[in-house]
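**Student:** Sequence:
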Amino acid sequence: MPRTFPCPRCGEPSVWEGNEFRPFCSERCKLIDLGAWANDEYRLPTQDAPQQNKGSQHEDDYED
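Taking UniProt numbering, I'd label the letters of the sequence shown as residues 1 to 64.
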């Protein structure tokens with residue numbers, strides 16, 4: 001029995017061996033995923049930068 005895996009795009013089972021589009025099930029899923037990367041739809045999770053207090057410096061704090 002051939003080894004199958006779920007396509008990361010659509011979730012349909014796909015045969016691993018001999019699949020030129022792996023890890024995707026088809027060229028369509030591969031191109032949809034590529035388009036998502038190109039459109040910045042995928043983001044790596046990051047920790048938000050600490051918030052700076054806007055307006056914490058007054059005009060008096062600056063030297064001429």
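I should point out that these hints are in silico values taken from the structure, not numbers from a laboratory.
Honestly, I wouldn't trust all of these hints.
[Stated by the list, open to error] Label-pair ranges, simulated between beta-carbon atoms: (1) Pro8 x Thr46: 31 to 41 angstroms; (2) Ala36 x Phe5: 12 to 22 angstroms; (3) Asp48 x Trp16: 30 to 40 angstroms; (4) Trp37 x Gly11: 29 to 39 angstroms; (5) Trp37 x Glu17: 23 to 33 angstroms; (6) Ser26 x Asp48: 31 to 41 angstroms; (7) Met1 x Gln47: 36 to 46 angstroms.
Cβ coordinates follow ideal geometry from the N, Cα and C atoms, glycine included.
**Student:** Could you tell me which of the numbered hints above are not met by this structure, giving the numbers in increasing order?
**Tutor:** 1 and 4
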